[in-house]
Amino acid sequence: MTPRAWLLLGICSALWGLPYLLIKVLVEDGVPAGVITFGRCAIGAAVLLPIAWRAGALAPLRGRWRAIAVLALLDMAAPFLMITVGERHIPSSLAGILVASVPLLVALLALRWDAEERVDRSRLVGLLIGMAGVALLLGVEVSGDVAALAGAGLVLAASATYAGATLYLKRALGGLPALGIVTLTLTAATLMLAPLALLQAGGVPAARLDWLSSLAALGVLCSALAYLAFYALVALVGPGRASLNTYLSPAIAAAAGAVFLGESLGAGAVAGLLLILAGAYLSSGGRPPAPRPEPTAALSEGARA
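Residue numbers in the sequence shown follow our numbering, run continuously in steps of one, and reach 432 at the last position.
Derived from the structure by calculation, the hints contain no laboratory data.
Model, not experiment: these values are computed from the prediction.
Honestly, I wouldn't trust all of these hints.
Computed spacing ranges between beta-carbons, pair by pair [claimed, not checked]:
#, residue 1, residue 2, range
1, A334, L176, 20 to 28 Å
2, A299, R131, 37 to 45 Å
3, A333, R189, 26 to 34 Å
4, V397, P177, 29 to 37 Å
5, G137, D337, 22 to 30 Å
6, W133, G329, 41 to 49 Å
7, A299, P332, 17 to 25 Å
8, A334, W240, 39 to 47 Å
9, R181, L318, 18 to 26 Å
10, A382, V252, 25 to 33 Å
11, G190, A333, 24 to 32 Å
12, G271, R131, 33 to 41 Å
The beta carbon of each residue, even a glycine, is placed where N, CA and C say it ideally should be.
Modelling step: build the complete structure from the supplied sequences, incorporating the hints.
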């Protein structure tokens, strides 16, 4: 990959290893799930809207409202909500590990919907290894705990929508300004989540620095900046390779959970994680992608902003 692609991959990996810790802090402080997800999207949109407007990144997306709405649902509103509810029942580190299944799910969905990302027979072995890791993780970490199993299921469902969104982004909005895409999808997701946030507003706890700062970090760092970097990365290396940020994100999520929340992972969880990562690596081709031409000028400008 080009140096720019490696930089974007590093940014995505770091910033997407942190949300699980921040969400757990908010959940444990009693902030309702609808308020968390709405606040995350609203803050991210508020940060990016003036920047995108000034950069002229919104105009090329006129007439693409349906695609923006679908992407906002698949990549933000639905998975954000499912992960937040799921983390009420499982540790933040386990949530981060389960989301590492995204490259596997991209490969699985590509069997039907994306010939360029489709796996061959040898890469199917990686897919099977990764799925075995998911099964091991669930069997060891949440066995016998119905609430934890439901929470893990929600996080896996969120991973599936992330994978679908990654393929949809390439098909429906490829070549358009990353800054404009992430700004409008965050705005659309904010509107989608607003009714639920209003219904749950009465359950918001008293303002405290810990949960207010966590929500701000979710919006600015883990939503606005992270998605901007990811959409630019998809344009450079494609959806399957872009999802490789999940190799590093689970380790960051586990470390953050251990350091700040006292969470620990058992041998089964570590084994499951290793199988998931090995499977993701093999199902992605088992090698770094070949460099691709630089994206359009519009996308490059959006990414720099």
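These are the hints, each one checked on the structure:
1. For A334 and L176, the hinted distance range of 20 to 28 Å is satisfied, since their beta carbons lie about 24 Å from each other.
2. As the Cβ distance of A299 to R131 is approximately 24 Å, the hint placing it in 37 to 45 Å is violated.
3. Judged by the Cβ atoms, the range 26 to 34 Å given for A333 and R189 is violated: they are separated by roughly 43 Å.
4. Remark: the range hint 29 to 37 Å for V397 to P177 is contradicted by a beta-carbon distance near 44 Å.
5. Distance hint for G137 and D337: a CB-CB separation of about 27 Å, consistent with the stated range 22 to 30 Å.
6. For the pair W133 and G329, the beta carbons lie near 46 Å from each other, so the given range of 41 to 49 Å is met.
7. Evaluation of the 17 to 25 Å hint for A299 and P332 yields a failure: the beta carbon distance comes to about 39 Å.
8. For A334 and W240, the Cβ-Cβ distance of about 44 Å falls inside the hinted range of 39 to 47 Å, so the restraint holds.
9. The supplied range of 18 to 26 Å is met by R181 and L318, whose beta-carbon atoms lie about 22 Å from each other.
10. Range check, A382 to V252: about 30 Å between beta-carbon atoms, so the 25 to 33 Å window is met.
11. The supplied range of 24 to 32 Å is broken by G190 and A333, whose beta-carbon atoms lie about 45 Å from each other.
12. At roughly 47 Å, the beta-carbon separation of G271 and R131 lies outside the given 33 to 41 Å, and the hint is violated.
Checked against the numbered hints given earlier, this structure breaks hints 2, 3, 4, 7, 11, 12; the rest are met.
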